[in-house]
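Engineer: Sequence:
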Amino acid sequence: MVRKSELTNATWSEINFSEALWTIPKERMKRRNPHLVFLSRQALDFFIALKTLAGGSEYVLPSRYDSDLPMSAATINQVLTLTYRLAQKEGVPLGKV
Numbered sequence: 001m002v003r004k005s006e007l008t009n010a011t012w013s014e015i016n017f018s019e020a021l022w023t024i025p026k027e028r029m030k031r032r033n034p035h036l037v038f039l040s041r042q043a044l045d046f047f048i049a050l051k052t053l054a055g056g057s058e059y060v061l062p063s064r065y066d067s068d069l070p071m072s073a074a075t076i077n078q079v080l081t082l083t084y085r086l087a088q089k090e091g092v093p094l095g096k097v
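The letter at position 57 of the sequence shown is residue 57 when you use the UniProt record's numbering, and the numbering goes up by one with no holes.
The set of hints was computed from the structure by calculation and includes no laboratory data.
None of the values given here were measured: they were computed from a predicted structure.
Positions of the beta carbon are idealized from the N, C-alpha and C atoms, including for glycine.
Be a bit skeptical, because a hint or two may be false.
Said to hold, decoys possible - Restraint-style ranges between C-beta atoms, simulated for each label pair:
| hint | residue 1 | residue 2 | range |
| --- | --- | --- | --- |
| 1 | Gly91 | Thr11 | 19 to 29 Å |
| 2 | Ile76 | Ile48 | 31 to 41 Å |
| 3 | Leu21 | Ile76 | 18 to 28 Å |
| 4 | Arg32 | Gly91 | 36 to 46 Å |
| 5 | Arg85 | Gly55 | 38 to 48 Å |
| 6 | Trp12 | Gly91 | 33 to 43 Å |
What the hints assert, rightly or not - Simulated crosslink set (BS3-like; lysine-lysine; CA at most 25 Å straight-line):
| hint | residue 1 | residue 2 |
| --- | --- | --- |
| 7 | Lys4 | Lys26 |
| 8 | Lys51 | Lys4 |
| 9 | Lys30 | Lys4 |
| 10 | Lys26 | Lys51 |
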């Protein structure tokens, strides 16, 4: 698991597709230690799809208004809220963390 800020500020240089590894640099970690995220096949497929959608941005999740900036935390919050509401409406159970 990673924090929203770690995801929204992720850059493609941190993702190693051949090793299925995401290395979050210490500068972006709360405890100032680099963090290794081993990517499952499903997560790797997700990152591959995001790479196509990123349109050449250095960010994994670029802002829709300026691809030189990361997506905002407010946008992520809005997506999660909409997903939750849709799941409730459709009766889809969501896992608890």
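Engineer: Each hint: holds or not?
Structural biologist: Status of the hints after comparison with the structure:
no.	hint	result
1	Gly91 with Thr11: 19 to 29 Å	38 Å, violated
2	Ile76 with Ile48: 31 to 41 Å	20 Å, violated
3	Leu21 with Ile76: 18 to 28 Å	23 Å, holds
4	Arg32 with Gly91: 36 to 46 Å	43 Å, holds
5	Arg85 with Gly55: 38 to 48 Å	28 Å, violated
6	Trp12 with Gly91: 33 to 43 Å	37 Å, holds
7	Lys4 with Lys26	16 Å, holds
8	Lys51 with Lys4	18 Å, holds
9	Lys30 with Lys4	12 Å, holds
10	Lys26 with Lys51	23 Å, holds
The structure fails hints 1, 2 and 5 (numbered hints given earlier, in ascending order).
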